[in-house]
Amino acid sequence: MVALALKQAAETTVTGQQIDLENVSHQFELKGAPLPVLDNVSFSVEPGSFVSLIGPSGCGKSTLLRLLAGLDHPTDGTVKVDGESVGDPDPSRILVFQDPTLFPWRTVWDNVALGLEAQGILRSARHRVDNAVQLVGLSGFEKAYPHQLSGGMAQRVALARALVNEPRLLLLDEPLGKLDSLTRLTMQGEIVKLWQEAGLTALLVTHDVEEALFLTQRVLVFGPRPARIVADIAVDLPYPRHRGDPKLAELRREALGHLGLAATW
Amino acid sequence: MASIDPALSERAHGSFRTTGWSWTAVWPLGLVAAAGWIGVAALIELWPEIIPQPYGRELAGIALAIAAVLVVVAATGRLFGAVSDTVRYYGPWFIAAAALLAVWEVVTAKTGWLPVPFFSSPQSILEVFLDDWSRLGISIWYSVLLLVKGYLIGALAGVLTGVTIGWSQAASYWVHPVLRLIGPLPATAWLPLAFFIFPTSGSASVFLIALATAFPVTILTWSGIASVNRDYYDIARTLGAKPSFLILKVAVPAALPHVFVGLFMGLGTSFAVLVVAEMLGVKAGLGWYLQWAQGWAAYNNMYAALLVMALMCSSLITILFRLRDWTLSWQKGLVRW
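Which chain is which? The protein sequence lines are A and B, in order.
If you count by the numbering used here, then the first sequence holds residues 1 to 265, one letter each, in order.
If you count by the numbering used here, then the second sequence holds residues 1001 to 1337, one letter each, in order.
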């Protein structure tokens, strides 16, 4: 059913975007003093792949997503998407935040419709909103207001709000970070499905090593701030994956080692 | 939902589900209240006044009419739906009101313990309503007209200014100091100048009411815009929103709860300015009526006008509450009026 809905949602064939970061450094001004958050980060992501970024809290992973979305611009280096430097935000690259941050004065349907309305194409594309709502399993809740939704439902709306724009790059900033563990496990499976069926490039920032390994094809491990890539782990396992897979456990030990947590194994 | 008017929630919970008539459907408290109002009518009619006054009989008639309504509601269960429920809910108030009216009647008209002309009896206020309704009616009309004009202009100006300075750093740089200097000044302080500058006292009053309304609306709109979650803008921008969309579809709706607080404050201050302006310059309206009544030492008319003014202000506040509830229906747990 999900596959069918998505086929309806994707009228044009969506292809993922290629990402190239070259020597990207970024710093904030904090009370006049520069605070470096990214230090000479370079990596590339193939179109259509699913890559996760893990690392200690506050190490600058979220900043990296903001640079890719075009919400901030790097102090140094270049961020390229499909070979072009990232300028202003564009609906082809959508960021999903840790908080669903739905607009409380809009219903579920109107929240999902936000992007199409902002781009001025809602009138001719209303069915895309219906399809996106159906895709995340919220049919029947179109007229509900955000305060009536559970945390998992709200995050589903946030995903629908992103997917309705048929993005070619989905930037997920700890999208499951605030959910209870059961909802979290369910939605991990759903995100993999959405990515597989939409054929887009997806980048996932998470604190959860297990989540990163279970969901993505490649895990970039960042060191403490200012962030640098300390390891690049390929997760060469077919989907659907199994949480108990011994290969995953092995990779988990490796990742924890890079994070300086080997002793906890 | 929190509810200031418990009649609404009472009605929603449906405490009176009786259908079809039976003795159990009779409402004893309503019969007590009806007896109270019949008693008041008898007191007015049968106890001679210390100084004879007209309209005693009409007042007694009104009391009897209220008693009749209570008897009908008490005997018919929920036959009249929401009306029945509301009357039943306010049953204790009907009893208290009858008692108060009786005491008032006794201490003024019947015994004269509270001396005329400074204290009015119920029938003398009724006399004003029955004999002077045309002048009172016109006064209400002029007051409402003046208030609505000034208030709408002020509210609009306040929202526009608030959004502008909330959005634009440059506008804030120039407008903020002016607001800080001029804003706290009571609008009534401009009164002499305004009557001098404006061609008519009416336009001067519109200006003053608008000024009094605009200040709180501006400040609250501004603070509303300033406190909008920055993530809303980031989300809208990544979804392809242009600046106009960010202002009209993100900033303004997000700030609306604040804006309404400003609108309520503005309405309160606009009442004060309205009355002062009408007393000092405009030759119409309830403020003028009060002033005129004072000039003739017509204290009955003053009490009547105060009562009407209270009803007018309360109604306007109610309208604003309704508008807010309708606009902000997405919020949970709104306070109701």
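No lab work stands behind these hints: they were computed from the structure.
Accuracy of the hints is not assured; some may be wrong.
[As the list claims (entries may be wrong)] Taking lysine-lysine pairs in the DSS-like style, the calculated list, with each CA pair at most 25 Å apart, reads: (1) Lys247/A x Lys193/A; (2) Lys143/A x Lys1249/B; (3) Lys1149/B x Lys1242/B; (4) Lys80/A x Lys1242/B; (5) Lys193/A x Lys178/A.
Against the structure, the hints:
1. Lys247/A x Lys193/A: holds (21 Å)
2. Lys143/A x Lys1249/B: Between Lys143/A and Lys1249/B the Cα gap is close to 18 Å, so the pair holds against 25 Å.
3. Lys1149/B x Lys1242/B: violated (34 Å)
4. Lys80/A x Lys1242/B: holds (23 Å)
5. Lys193/A x Lys178/A: holds (21 Å)
Of the numbered hints listed earlier, the single one contradicted by the structure is hint 3.
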